[in-house]
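Starting from the given sequences, assemble the full structure and let the hints guide the process.
Chains C, P, G and E are the protein sequences, given in the same order.
The opening residue of the first sequence carries number 1 in the working numbering; numbering runs sequentially from there.
The opening residue of the second sequence carries number 1001 in the working numbering; numbering runs sequentially from there.
The opening residue of the third sequence carries number 2001 in the working numbering; numbering runs sequentially from there.
The opening residue of the fourth sequence carries number 3001 in the working numbering; numbering runs sequentially from there.
Mixed in with the good hints, there may be bad ones.
Think about it this way: if two alpha-carbon atoms lie no more than 16 Å apart in a straight line, the pair counts; the simulated EDC-like pairs of lysine to aspartate or glutamate are [claimed, not checked]: (1) C:266 - P:1251; (2) C:312 - C:55; (3) G:2283 - E:3267; (4) C:283 - P:1251; (5) C:268 - P:1251; (6) P:1268 - C:23; (7) G:2005 - G:2061; (8) C:283 - C:251; (9) E:3005 - E:3016; (10) G:2075 - G:2251; (11) P:1266 - C:55; (12) E:3266 - G:2251; (13) P:1107 - P:1064; (14) P:1283 - C:267; (15) C:5 - C:55; (16) E:3268 - G:2064; (17) G:2075 - G:2064; (18) G:2268 - E:3309; (19) E:3283 - G:2016; (20) E:3319 - E:3309; (21) G:2266 - E:3251; (22) G:2268 - G:2223; (23) E:3107 - E:3064.
Keep in mind that the hints were calculated from the coordinates and are not lab data.
Bear in mind the structure is a predicted one, so any value in this text is a computation, not a measurement.
Number of protein chains: 4
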Amino acid sequence: MILPKTNRLTSEQLAEITAIVCEFGCKIQPIVGAVRTIYAIVGDEREELMINRLEGLAFVDRIDRIQSPFKLMDKRSDLATHRIKAGGVTLGEELFVIAGACTIDPKNPNYFYETAAAVKEAGAHVLRGGVWKPRTNPYTFQGDVKSLYILMEASRRTGLPVDTEVMEDAHIKLALDAGVHSLQIGARNALNYSLLRSVGRAIAERATVVLLKRSIHMGPLNEFISAAEYIAAFGNPNVILCPRGTTPTLDGYRNHPDESITPLLKEKTWAPVVVDPSHSVGKAAYVPAAALAAVAYGADGLCIESHVDPSKGIGDDPKQAITPDVLAKTIRHAKQLWALSRGA
Amino acid sequence: MILPKTNRLTSEQLAEITAIVCEFGCKIQPIVGAVRTIYAIVGDEREELMINRLEGLAFVDRIDRIQSPFKLMDKRSDLATHRIKAGGVTLGEELFVIAGACTIDPKNPNYFYETAAAVKEAGAHVLRGGVWKPRTNPYTFQGDVKSLYILMEASRRTGLPVDTEVMEDAHIKLALDAGVHSLQIGARNALNYSLLRSVGRAIAERATVVLLKRSIHMGPLNEFISAAEYIAAFGNPNVILCPRGTTPTLDGYRNHPDESITPLLKEKTWAPVVVDPSHSVGKAAYVPAAALAAVAYGADGLCIESHVDPSKGIGDDPKQAITPDVLAKTIRHAKQLWALSRGA
Amino acid sequence: MILPKTNRLTSEQLAEITAIVCEFGCKIQPIVGAVRTIYAIVGDEREELMINRLEGLAFVDRIDRIQSPFKLMDKRSDLATHRIKAGGVTLGEELFVIAGACTIDPKNPNYFYETAAAVKEAGAHVLRGGVWKPRTNPYTFQGDVKSLYILMEASRRTGLPVDTEVMEDAHIKLALDAGVHSLQIGARNALNYSLLRSVGRAIAERATVVLLKRSIHMGPLNEFISAAEYIAAFGNPNVILCPRGTTPTLDGYRNHPDESITPLLKEKTWAPVVVDPSHSVGKAAYVPAAALAAVAYGADGLCIESHVDPSKGIGDDPKQAITPDVLAKTIRHAKQLWALSRGA
Amino acid sequence: MILPKTNRLTSEQLAEITAIVCEFGCKIQPIVGAVRTIYAIVGDEREELMINRLEGLAFVDRIDRIQSPFKLMDKRSDLATHRIKAGGVTLGEELFVIAGACTIDPKNPNYFYETAAAVKEAGAHVLRGGVWKPRTNPYTFQGDVKSLYILMEASRRTGLPVDTEVMEDAHIKLALDAGVHSLQIGARNALNYSLLRSVGRAIAERATVVLLKRSIHMGPLNEFISAAEYIAAFGNPNVILCPRGTTPTLDGYRNHPDESITPLLKEKTWAPVVVDPSHSVGKAAYVPAAALAAVAYGADGLCIESHVDPSKGIGDDPKQAITPDVLAKTIRHAKQLWALSRGA
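This is how it looks when you write it as structure tokens:
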């Protein structure tokens, strides 16, 4: 990682370092921060000669070579002071909440509009709504691009930024062109490195956020943080880690609740952790308890499925969405627990 | 389950029902409650003729035949209104706390005496102290009966009832004769049905409590509640379920934290759930968060390892015991969370 | 699934059924077999009216509506008599072997050429060689398109068809244009439905084969066979299921060997099962035993990493590749076990 | 471990070393082999002074201090050349087979007598028959001591030595007094150290064998081999390790088949490994394949449930017992695979 003396390299300076690293088979990837830009060396950065030549440049402050597989996401990296903002919240400073429907029903948009207004009222900062859906069975409803219009209309009506899952390059382009603020990588694609690269590249310049779900078989540290590292290495450091339940499933829940990995993640990475209790437990009745447990373990936020009338929802909502009044109460309790456990 | 019209059968009445069930190869097991005694039929109670004859007795109110493998521990059983008391607390009514050392050091009893006083001060209701220890390696310290004297002396000094683990019939007798109030069945013995039977029989008449640890491979429901059913079926319904982490271990913790099974257990059984965060996470720094998560999931209590100077402890204490001041703060927060999530 | 009376619908007939299913929001997907073509209805095929109208067409023999989520891959589907051929072998009739390097080293192509000749000599039917590699760490070697040339050159020299992993649409096009015969979907992408669809579409017309690795957290049945169903539903029924070890890892192996799922798969699907012992156990010394165990469980074939000099390999080869002489002996034993357990 | 210069210490010599180790808080445990007896030091054997004094004794050849938690069961221990014999077989030299019923039905002894004759005919070396049964539910059949008579009568009729499970000290005494040749420790008691000690002590002098089932959550190495070490440390080195399936269960099987741990065990311990495929897969149809897979992984023997008419069996037999003709064929194939994979 190259840290320049100024906030940003000039194009001549960038060309100069690019020429050096190219000689050693590496590339330069700028990581654009709010104030300053730093420059990752993608490739084998252990070449002493290359490092020496870069360190000798007048406009280079220093080369950050941490002993970690996570050059950007590690707690000890130069990026560790980076703060992610979404929905008016600086993550880590107050409880952050994403809420909304698993899947937008393109035939009944009013449910989503009503849900959007209600989750805003309940205290959510970002509105989620599924446009495209990965489904185990190829013959079930896979989402509909029409829902993208509904999502953006809900954003316009409520003023909330929106989050939706993308599964391929075409989705990324459509979502970003429409103005989606947060792109979600689902659990099934958390190791789809081609997609992670595309997301990293595509949204680097737009200050958008990536909500990276944990794949349901991932060990807590290496694979998960490395997936975030892919996104950051290709240009976007605004990655939020989202545990959402793992295997083996706990008989009675949809998955094995995994909010307890939060402290383990936070020992390794500066990335904020936003837990999804809805997918963890998979049943509305258990969601408030699981949400509090996540805050107890130090989560920075929650991603919760909510619907004004869950029985009318599609996708996972009939089973796991909570109503906005339960959401409001859960957020209230979660904020009190936040104050309790962090304030003391 | 036979429910008599009176609080207790006379010896003639007991002889009469015993004679009937014997004809069908069954036995009668009295379950002595604080006010009334009920009588479990141990064996195949599905014989219609036997049931009909029992129902015809003048002193029998009714025969409770629930469709559950847990005839006594099921939420729908007649025992469901039973309340367990320990250390002055009626479980379920307020947060219940067991605290103390993993293993009493027989060579340095003062650490345990000081710890006992400190955990009482911090708010614990029952004092735990390991006398006999199951150890993976046959050549490591396996506990010492001398520690039993230290345990009882600490009980006398503090006025706290005490809990210790038993591994065989000889331990049960020694512990009960010394006046131990709560017998703990460790995770390795949670499926040792001979021991469960012995514990059930031995302490039925003494109103003592059994703290049943969850075996680390148990599914949440059937095996765990069935183990409790063994103890109750052989005479003691004062069984507390204690999740303490499971496998596969979560890389970074000692085990996979399993406080999240609490709501699943409570859907099936009336038994109180007291979570052991110390063994779940296995490292002192993570214990307070795990304790709060347990309360978030609805646990009735906590079982926490504490030591005035963990580095001087033996067994698991150097790694996972928290100091009494951290314990006091954890109890305070846990009580506030209890009020928050149950009061609302 | 629409089964016509003839081996193939005319374009007029296809247009007619397409028009009908479109009215109900469905699409038609031809599945091209060696002799006849059948036509899958993609979408909700439960509409009685739609089915009735299709059944009424003069050129339709019958509509196959099996009660299974796997309309094509189910053992009871009309496709169940389909046989897959690769490398001169009809799978199921004799032991099928894929062997070769985990990763082709573009700087030292001779190792791969020598390995290719040696695995052919040892009895392999298809040559594997990794061109693009999914890697946990974004900064490690991710493969090189130059290796595609080396792979095809090895194919030309040995006459063996070749297999390589694809991770994105660009890889599919490059591999198929170069003449790769078998596309591999790696474990990390086994639930990447966009990629599964692309593979299904792209190779439908070329009679190429897909080797679908099992994702390391997949349950044995639903998710794995559904992933194969995606590929078939989008046009290619030549899918081979490849178990390659799962989580939680067995301490001592790379993964938890999962050849034992073979009989469970075969109860549900007609798809051939080719086990990869190299990734399961992750260490060369254990591979021959794991290969035999796979055949014991009824596997149709083996996918084994081999290298003429494993210490000179890259990727996983230094740890898990076996030498061609060990491969030859393993194949010989596996064939004898095949004869023993199937012949008796 | 003390290795004397003679085959056995005199009582005076034994008293002398006992006096020395007692000074250091240790005990002496003789391990009686077929030819010579060695003497384990139970306790902390790291005291240099104690070792020096023992080494100085004229009748002591040497003190074996291996760097392993398994002082007796480790491959590098002096016991590693020890060979276990049962049913006329020296384990490791030819395929060893235990077969018989899960549970003897005391009301229908003829089934067991017929099964005993049939499994002998099929090639089994030891006859298994369950007398006492650990059951999840306290109200189901828990075995009957009358079955012990049936078991011994079957032994007398067939000439086969017999194996049965013991769960408490009373069972050990009854079984040994009756003449049972092999005591089985079930999976639920594999960490019941009190029982392991009792078994070690009780059968040390009788040259009987212990079949130690793997607990279903055990990691492959430390806990399993340590449990065997308990038995050996208290006097009996004739311990056979028996994997029998683990958790998490593989959807479709009773457990997760674990024959694949065999090579991992054999890297650490000299103890023979006899796999139980019946409990692993839990369904008769899968047992022959699982048995072959065990031999493929290097198992020294098999423990298989068989019944002349499985539908008339009790316990697990209706589901998982194979008939004697299937057993005969399985043994024949297993022997051929043994010859194939070990001979080459």
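Evaluated hints:
Of the pairs offered as hints, the one joining residue 266 of chain C and residue 1251 of chain P holds, with about 14 Å between alpha carbons and a cut-off of 16 Å not exceeded. Of the pairs offered as hints, the one joining residue 312 of chain C and residue 55 of chain C is violated, with about 61 Å between alpha carbons and a cut-off of 16 Å exceeded. Our distance criterion of 16 Å between C-alpha atoms is met by residue 2283 of chain G and residue 3267 of chain E, whose separation comes to about 13 Å. Restraint check for residue 283 of chain C and residue 1251 of chain P: the C-alpha separation of about 27 Å exceeds 16 Å, so the hint is violated.
With a C-alpha separation of about 13 Å, the suggested pair residue 268 of chain C and residue 1251 of chain P falls inside the 16 Å cut-off, and the hint holds. Restraint check: the Cα-Cα separation between residue 1268 of chain P and residue 23 of chain C comes to about 67 Å, which exceeds 16 Å; the hinted pair is violated. A threshold of 16 Å between alpha carbons decides the hint, and for residue 2005 of chain G with residue 2061 of chain G the separation of about 5 Å falls inside it, so the pair holds. Of the supplied pair hints, the one linking residue 283 of chain C and residue 251 of chain C holds, its CA atoms being roughly 13 Å apart against a limit of 16 Å.
Taking the CA atoms of residue 3005 of chain E and residue 3016 of chain E, the gap is near 15 Å; set against the 16 Å cutoff, the hint holds. For the suggested pair residue 2075 of chain G and residue 2251 of chain G, the alpha carbons sit about 35 Å apart, so the restraint of at most 16 Å is broken. A hinted pair counts as satisfied when its Cα atoms are at most 16 Å apart, and residue 1266 of chain P with residue 55 of chain C does not qualify at roughly 62 Å. Restraint check for residue 3266 of chain E and residue 2251 of chain G: the C-alpha separation of about 14 Å stays at or below 16 Å, so the hint holds.
Of the pairs offered as hints, the one joining residue 1107 of chain P and residue 1064 of chain P is violated, with about 53 Å between alpha carbons and a cut-off of 16 Å exceeded. Simply put, residue 1283 of chain P and residue 267 of chain C have alpha-carbon atoms about 13 Å apart, close enough for the 16 Å limit, and the pair holds. Between residue 5 of chain C and residue 55 of chain C the CA atoms are separated by roughly 12 Å; this keeps the pair inside 16 Å, and the hint holds. Pair hint residue 3268 of chain E plus residue 2064 of chain G does not hold up; C-alpha atoms about 55 Å apart against a cutoff of 16 Å.
Straight-line distance between C-alpha atoms of residue 2075 of chain G and residue 2064 of chain G comes to about 13 Å, which keeps the hinted pair within the 16 Å bound. Restraint check for residue 2268 of chain G and residue 3309 of chain E: the C-alpha separation of about 28 Å exceeds 16 Å, so the hint is violated. Pair hint residue 3283 of chain E plus residue 2016 of chain G does not hold up; C-alpha atoms about 49 Å apart against a cutoff of 16 Å. At roughly 11 Å between alpha-carbon atoms, residue 3319 of chain E and residue 3309 of chain E fall within 16 Å of each other, so this suggested pair holds.
Between residue 2266 of chain G and residue 3251 of chain E the alpha-carbon distance is near 14 Å, which keeps this suggested pair within the 16 Å criterion. For a cut-off of 16 Å, the pair hint linking residue 2268 of chain G to residue 2223 of chain G stands: about 12 Å separates their Cα positions. Of the pairs offered as hints, the one joining residue 3107 of chain E and residue 3064 of chain E is violated, with about 52 Å between alpha carbons and a cut-off of 16 Å exceeded.
Comparing the model with each earlier hint shows violations of hints 2, 4, 6, 10, 11, 13, 16, 18, 19 and 23; every other hint is respected.
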